[in-house]
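Undergrad: From first to last, the protein sequence lines are chains A and B. Just so we're aligned, residue 433 is where the first sequence starts under the working numbering, counting upward by one. Just so we're aligned, residue 23 is where the second sequence starts under the working numbering, counting upward by one.
No lab work stands behind these hints, which were simulated from the structure alone. The reader is advised that the hints may include incorrect statements.
Claimed, not checked - Computed spacing ranges between beta-carbons, pair by pair:
1) D364(B) with G473(A): 44 to 54 angstroms
2) A593(A) with R175(B): 16 to 26 angstroms
3) E435(A) with R285(B): 13 to 23 angstroms
4) R285(B) with L594(A): 51 to 61 angstroms
5) A267(B) with F502(A): 41 to 51 angstroms
What the hints assert, rightly or not - Calculated Cβ distances over 10 angstroms to all of chain A for the following chain B residues:
6) D27
7) E28
8) E74
9) W75
10) L178
11) R180
12) D198
13) G252
14) N315
15) L394
16) T436
17) Y449
18) V483
19) D504
20) T559
A quick note: this is a predicted structure, and the numbers were derived from the prediction, not measured. Built from N, CA and C at the ideal position, the CB exists for glycine as well.
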Amino acid sequence: MLEPDAGHATLGGFDPPISLSRQESALLAAVADLLVPEGAGFPAPSAVGVVDFIARYVTPRDRPVMHYPFAAEDEFKRSLAGLGRAFLDADPSRRVELLRRLEVEEAAFFAQVRDLVYYGYYSRPAVIQAIRDHVEAGRDYHGPPQPYGYDATLEGWDDIALPSGRGRYTATEDVRRASPMP
Amino acid sequence: MPAYDETEVLVIGAGMGGGAISKRLSDAHISVVCLEQGDWIHSAQHPHYHAEWEIEKRRSWSFDPNVRKGIEDYPVTGAVTPYMYNAVGGSTVHYAGHWPRNRPADFRKGTEHGLEGTIDWPVSYEDLSPFYDINDTEMGISGVPGDSAYPPRPGLTRLPVIAPGKLGRKAARGFDSLDWHWWPSDNAIATSPVNGRLPCNGCGNCLSGCPRGSLGTTAVTYWPTAVRNGVDLRTHARVERINAADGRVTGATYVDVRTGVRREVRARIVVLCANGIGTPRLMLMSAQAGHPNGLSNSNGMVGTHLMHHSWAFVDCWFDEPIEGFKGAFGMPLYCQEFYETDVRRGFVNGLTMLVGRSYGSAYTAMGTHTGLMAPWGAEHREFFVKHFARHMTIHMQGEDLAVRSNRVTLDHGTLDSSGLPAAHVEYAVPDNDRRLAAFGIDRIVEAAEAMGAIETHHTGVMSPPPGWHLMGTCRMGNGPGDSVTNKYNQTWELPNLLIADGSSLATGGAVNPTSTIGAVAVRCAEYLKRRGREVATQRTTPSNQDAPGF
Numbered sequence: 433m434l435e436p437d438a439g440h441a442t443l444g445g446f447d448p449p450i451s452l453s454r455q456e457s458a459l460l461a462a463v464a465d466l467l468v469p470e471g472a473g474f475p476a477p478s479a480v481g482v483v484d485f486i487a488r489y490v491t492p493r494d495r496p497v498m499h500y501p502f503a504a505e506d507e508f509k510r511s512l513a514g515l516g517r518a519f520l521d522a523d524p525s526r527r528v529e530l531l532r533r534l535e536v537e538e539a540a541f542f543a544q545v546r547d548l549v550y551y552g553y554y555s556r557p558a559v560i561q562a563i564r565d566h567v568e569a570g571r572d573y574h575g576p577p578q579p580y581g582y583d584a585t586l587e588g589w590d591d592i593a594l595p596s597g598r599g600r601y602t603a604t605e606d607v608r609r610a611s612p613m614p
Numbered sequence: 023m024p025a026y027d028e029t030e031v032l033v034i035g036a037g038m039g040g041g042a043i044s045k046r047l048s049d050a051h052i053s054v055v056c057l058e059q060g061d062w063i064h065s066a067q068h069p070h071y072h073a074e075w076e077i078e079k080r081r082s083w084s085f086d087p088n089v090r091k092g093i094e095d096y097p098v099t100g101a102v103t104p105y106m107y108n109a110v111g112g113s114t115v116h117y118a119g120h121w122p123r124n125r126p127a128d129f130r131k132g133t134e135h136g137l138e139g140t141i142d143w144p145v146s147y148e149d150l151s152p153f154y155d156i157n158d159t160e161m162g163i164s165g166v167p168g169d170s171a172y173p174p175r176p177g178l179t180r181l182p183v184i185a186p187g188k189l190g191r192k193a194a195r196g197f198d199s200l201d202w203h204w205w206p207s208d209n210a211i212a213t214s215p216v217n218g219r220l221p222c223n224g225c226g227n228c229l230s231g232c233p234r235g236s237l238g239t240t241a242v243t244y245w246p247t248a249v250r251n252g253v254d255l256r257t258h259a260r261v262e263r264i265n266a267a268d269g270r271v272t273g274a275t276y277v278d279v280r281t282g283v284r285r286e287v288r289a290r291i292v293v294l295c296a297n298g299i300g301t302p303r304l305m306l307m308s309a310q311a312g313h314p315n316g317l318s319n320s321n322g323m324v325g326t327h328l329m330h331h332s333w334a335f336v337d338c339w340f341d342e343p344i345e346g347f348k349g350a351f352g353m354p355l356y357c358q359e360f361y362e363t364d365v366r367r368g369f370v371n372g373l374t375m376l377v378g379r380s381y382g383s384a385y386t387a388m389g390t391h392t393g394l395m396a397p398w399g400a401e402h403r404e405f406f407v408k409h410f411a412r413h414m415t416i417h418m419q420g421e422d423l424a425v426r427s428n429r430v431t432l433d434h435g436t437l438d439s440s441g442l443p444a445a446h447v448e449y450a451v452p453d454n455d456r457r458l459a460a461f462g463i464d465r466i467v468e469a470a471e472a473m474g475a476i477e478t479h480h481t482g483v484m485s486p487p488p489g490w491h492l493m494g495t496c497r498m499g500n501g502p503g504d505s506v507t508n509k510y511n512q513t514w515e516l517p518n519l520l521i522a523d524g525s526s527l528a529t530g531g532a533v534n535p536t537s538t539i540g541a542v543a544v545r546c547a548e549y550l551k552r553r554g555r556e557v558a559t560q561r562t563t564p565s566n567q568d569a570p571g572f
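Looking at chain A on its own, in the form it has when it is part of the complex (with noise of 0.2 angstroms):
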């Protein structure tokens, strides 16, 4: 007997997430900080649980890689394995460096990690609150949908007529044979 939800996506990733090493946290919190810096208002990512957020959607090794952004637990800790101690203990423009190294290179999983990031990073209650705070056309933008909807802040058509008369159709008596035919 398969439940009936078998085969699905679990809404916010895996519970419980994939277990991270001290270096391999503090080697994703680095990347994470440089992909989106910090800074006019805007928490660093590592500041606002970006890391956890990317913990929840790599899959596990002992589940199947189904699913939306199919990292697998081993390879992907490989691959920031690659990074390793190097990119911790390098400066600013070095770390810069290496990630666009990293971006050519393993590509697919540069992509994972940045998609993870972003996804991750505006998914934070922080950073939807500097989002209202700092930036003028999100000043009502407050993350989920529900329950609070849009509704209270959206203007009506009010004052802008509507065009009555200026749409035309052919009635089903009046089709003609097209000619010339393109």
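Given the coordinates of chain A, work out where chain B should sit on it, guided by the hints.
TA: Relative to chain A, chain B alone:
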């Protein structure tokens, strides 16, 4: 316990078509069993309350069954991104709810040009119009009556229109400056309470379904009443074969996707509503003695003439906030300035511009609809601030020709969780449609500039286009030489096997098809109500002229 169950009508699929038919027949006290391979979707399964709602669009709430990979999903291989949902409600479980109708000329494209395999529908706009109205009332449609791009609809009522927000208002003013047509869209979105459904609160995430019941999925419109009426709706019930004997169908055999247990349902009439890919798949999978090429397929038409709509996305950015994250997704407005054929443009048919909203902040970083991804590193923040909530996507939705070689077949090398063959899709964009779509992209860029866009980015003509409209593969037509069913949805070789879903549509117009699928299904149900006795006993399928008619 007998080895089978019996009913008057067996409906296969619980989406737009199956929901409408099951409800309307059961209103008339006709016994119905409906087999649906998916489950009911519970409101807690939607991602709207979760911080992770955006990444889940690519996982549990992907449109694509090949990505979701649930046990109820069957694989679809080939040149397609198949967008469908297997659940009570079918693909209406997560769709925009945009609710246009076909126009009168859409039913006469064989007369107008007849290119490739294009035929006239065997029914006219006027024939279908009353059934559009019935279906609209059942589904709960918001909008504003009065668009002169369509025939008058006297007495039409609508729920209050969805609010356009800054985005919709900006688009409307741009179209006005060009003196182009536009109108607020009809949407299957309840903007006031309807039958226990909460009104829409403009959260914008319709494309991951609706935990409030505001989005008009048949799971919240038709099905509650149909179940109350006594319809025997069986979930996790995957049909593996429609059974036939002596020139008629006798019912179907299904397998429970959880247990693998098989069961047969016998019926006097079978109505197939499994969508434009699932329906031909099942017709072909049901090959058996007397039907070596699948059911009602001596003419080889089953699965052919697949249409998706030609497509392009055009992302547009503005130098002021337009807050595309706000408001019911649906579509706030559409433009049909270039809808009907004008051969001076170098192609037949036309297009609708659909003015669409954005999603959230991760969507901005990930490149919106056209892959303009935010750079990483020092430039990331500046990009984000310039692009977030200053964006709209205008969809170029063009009519695509009905081409025989664009088709659905079976892929015996790929199996679903019950060991049944995958559907396989072949689809190539015809040259006519490439010219149409390229023209449409140019016009959208022109409109975007009129709206004040400071940056645009588009996909070009998508090949293949997104497969979220699945049409034409078992079309109704004028005789066994050009179609799979007659005008009353009866398959040409098996009079008591009917088809009523996207595969029935002879042409797709340049509009989203769900309202037309619903109208076709309501009409089919009404015919069975009035003529079911004849349909259940006919030995051959009558021609359109000889059928008893309504």
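Undergrad: Does each hint hold? Answer for all of them.
TA: Each hint, compared with the structure:
no.	hint	result
1	D364(B) with G473(A): 44 to 54 angstroms	holds, 52 angstroms
2	A593(A) with R175(B): 16 to 26 angstroms	holds, 21 angstroms
3	E435(A) with R285(B): 13 to 23 angstroms	holds, 20 angstroms
4	R285(B) with L594(A): 51 to 61 angstroms	holds, 53 angstroms
5	A267(B) with F502(A): 41 to 51 angstroms	holds, 47 angstroms
6	D27	holds, 21 angstroms
7	E28	holds, 27 angstroms
8	E74	violated, 5 angstroms
9	W75	violated, 5 angstroms
10	L178	holds, 15 angstroms
11	R180	holds, 13 angstroms
12	D198	violated, 7 angstroms
13	G252	holds, 24 angstroms
14	N315	holds, 32 angstroms
15	L394	holds, 13 angstroms
16	T436	holds, 15 angstroms
17	Y449	holds, 22 angstroms
18	V483	holds, 16 angstroms
19	D504	holds, 18 angstroms
20	T559	holds, 34 angstroms
Going through the hint list in order, the structure does not satisfy hints 8, 9 and 12.
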